[in-house]
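*Asks:* Sequence:
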Amino acid sequence: MSDQKRLFLVDAYALIFRGYYAFIKNPRINSKGQDTSAIMGFMNSLLDVIKRERPDHLAVCFDKGGSTDRVEMYEDYKANRDETPEGITTAIPHIYKILKAMHIPIMVKEGYEADDVIGTLSRQAEKEGYKTYMVTPDKDFAQLVTENIFMYRPKSFGGGYETWGIPEVQKKFEVETPDQVIDFLGMMGDSSDNIPGLPGVGEKTAKKFIKEFGSMEGLLANTDQLKGKMKEKVEANAELGRLSKELARIMLDVPVTFDATDFELNHPDVDKVKEIFQELEFRRLTENFLKTFNVEGETEKTKTTETKEQPKPTPKKSTSAGAGQFSLFGGNEEETESTSEYTRKTAQNTSHFYQSVASGMATKLFVKNLLSQNTVCFDTETTSLNPLQAELVGIAFSWEAGKGFYLPFPEDRNEAQKLIEILRPFFENENIEKIGQNLKYDIKVLAKYNIEVKGKLFDTMLAHYLINPDMRHNMDVLSETYLNYTPISITELIGKKGKNQLSMRDVPLDKQTEYAVEDADITLQLKEHFEKELGEANTQKLFDDIEIPLLRVLAAMELEGINLDINFLNSLSEQLNIDIANLEKSIYEIAGEEFNIASPKQLGVILFEKLKLVDKPKKTKTGQYSTAEDVLSYLAKDHKIVQDILDFRGLSKLKSTYVDALPQQVEESTGRVHTDYMQTVAATGRLSSNNPNLQNIPIRTERGRQVRKAFIPRNDDYTLLAADYSQIELRIIAALSKEETMIEAFKNGEDIHASTASKVFDVPITEVTREQRSNAKTVNFGIIYGVSAFGLSNQTNLSRSEAKELIDTYYATYPKLRSYIHEQVDFARDNGYVQTVLGRRRYLKDINSRNAVVRGAAERNAVNAPIQGSAADIIKIAMIKIHNKLKAGQYKSKMLLQVHDELVFDVFKPELEDLKTLIKSEMENAYKLEVPLDVDLDIGDNWLEAH
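Numbering (the numbering used here), first residue to last: 71 to 1017.
None of these hints come from the bench; they were simulated from the model.
Among these hints, one or two may not hold up.
Below are the DSSO-like pairs computed for lysine-lysine, each with C-alpha atoms no more than 27 angstroms apart in a straight line [said to hold, decoys possible]:
#	residue 1	residue 2
1	LYS957	LYS998
2	LYS998	LYS847
3	LYS689	LYS710
4	LYS277	LYS241
5	LYS342	LYS361
6	LYS134	LYS170
7	LYS197	LYS179
Being a predicted model, the structure only gives us computed values, none of them experimental.
Full structure from sequences and hints, please.
*Replies:* As structure tokens, then:
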């Protein structure tokens, strides 16, 4: 082992950007709404370097103010760079604080780039006998490599790291010496830095020129050896080539000094680092930091060679799944429980014991053990993602981390039913807590086998939704984020989607066991994490009292489904064909020619070049005329062709999305449509609907409303009943703002829009015109969404000045409402979130953004989210109470649909009067506000009649 001391120089921004984008699909947002992705990504990398290499000396180098010399040489140097993401700019002060607390020197010089600082320091350290490792993924640093200066660079994400010395640079760039990399970069240019290079010279040609001529100067002195257009281009751009080479050259004379004492890796201020990490909510990073450093003394100084081999663990049982790496500098080590936060764990490198259970006596002994547990995680393996079509292939169980069992199911349905009967005592035991990920699916699958899952439930997907609603909640993401563990991929077992994809039944039993039990094991471990975090986020009650009980309600509604009149939809489709054809004809007549109305490009040319509807039409980034909805809506009232186009689009979408699609979504086994309600999609707490989406059926147009006519009762003994909260969001904002004028209007049962119009237009309520009421209604609802004078003007017949005056008058009439809005925004700025009446949080990471547009959107959400979210929470409470009453009373009537503020029921006619009273009472008393909640009820032979 060499005794030569080693210096590591870290290219800060390169690693910060890399860390930030590593989390771009799954940003790290803490409870304050702060995006900590860049900080966490950078710290993962830095601690990884320290842990792996134990450097004697280390410094972190930053840019400051860009390169003054290069900009003087070439004004457009780096001019095409996008603005640095705010998640990075806000991270820098925190990174500075952490580095200072770790006693790691920060090297930065105004007017110079980190490349130049690192280049200068590496040469100085070399003269003092050091080996220097430049920690960066940037290939430009290859020009600095010598016998004692190396690049220490990450491979592609998760692929470990590599050290580039002279041989590696020679091979990579096909050069004789590393300094020829400057010529190579100068010839081909660099689009990221906006270095022009020689026109027509790419990587392949640049390597060829280096081999033939040795340098830029050698090339320019021998252009007579070139041919054709290449000769012309190179000769015409000789000065550009020389300039490009100078721009690509890393400077070695920055006024900075390598000080061996200052750069020595010392013991950090542990308490200070812990304090910063606690503020940022870095729990596992804190643990990793403490492991990386010896907190009782000096940093461990055990030096390593450039490549290291670690002993591999011997798992109790391993699979064929490949070990995954997460670290930006992930090496080849495989670790078990000591695996660091950023060396990804897998089934291959983690000790575990997963066992399949044989039939007969083994199953009986297993069930006996199962029934003695207090808490068990289970996970069903099936033949389909559609629970109504899925058949059980097996069920995995785990009640101890790292251990679990798999019970395979026979393909024969009768035999499968016999096996599930053996498990019935477990599933229907009220005293055993059942844990799962997306339990609604498992509950629906088991319901097909006449099994009801009783007892306390814990759904990790729902728990995480309450902890971090803006993040993704699938198990793989949660496992990687919270357990640092990459699960076996389903594609490893059954292949990618398509005709060649296998069924889970086709997978060998040992692989089924490994995959299924791993899921149950991971979910069990996630529960341990999330139980604590629910308490920290003050959302445990919301979880226990609303989201978990609602899970059972939604499962029952989805299993029930709703009846569909297919004949009516087929008839409506034919009518829509006629309407669409008439619109096409009208559009072609006005345009004076036929064209593809669905093509934005062709439509833009017709509207803005041929018909010249506006002087300066808006264009997209690609230079095409914008024909987006907002652009056309603004023009529709003045141009018939535009209104026809909007109608054409609306009817075409209605036909394809609903009228023609709904009959295809009828479940063959039930003859009904079964939507899937998702609890974990909308950050406000609202439910979303999928397959089919029944919440977005248009209701503002006659044709859109007719789609609801296709939803009908199960038979003649039933009728549909729709129960709709009246103006619930306005009632909530009146109550939360404590605006007495609005509260009194609601208490007196007044028409709130007429009441508002009376006050803002200063006329008696009996003399309010239809237009005044309409304008007041627009403002009432618009206030929740932060409507502007411009927006109000577009939605009404008011001019912008009239709209502004109306909004000003509105706020003057309801001063407490304005105060409430300001208070909500201030609360969000201070806390990073807002919350509903039941404590559901909406995190707003951009609330303090310096970008006015981004900040404005967050401010509108600060006002809107508590209103929308409170309405969502209230109807969820009503659904749970109604469901429980229907079940306890053994009613034949069923709750079928929830569409925002509306519930739809299939009511057995003899139960109708009882149900009206029950539903209205439970909905209106779901939550007590200062204003009464009012519910409208209607019945009909279809959903349209009942709405």
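*Asks:* If a hint holds in the structure, say so; if it does not, say that too.
*Replies:* Hints and how they fare:
no., hint, in the structure
1, LYS957 x LYS998, "holds, 24 angstroms"
2, LYS998 x LYS847, "holds, 25 angstroms"
3, LYS689 x LYS710, "holds, 22 angstroms"
4, LYS277 x LYS241, "holds, 11 angstroms"
5, LYS342 x LYS361, "holds, 16 angstroms"
6, LYS134 x LYS170, "holds, 18 angstroms"
7, LYS197 x LYS179, "holds, 22 angstroms"
Checked against the numbered hints listed earlier, the structure breaks none of them; every hint is satisfied.
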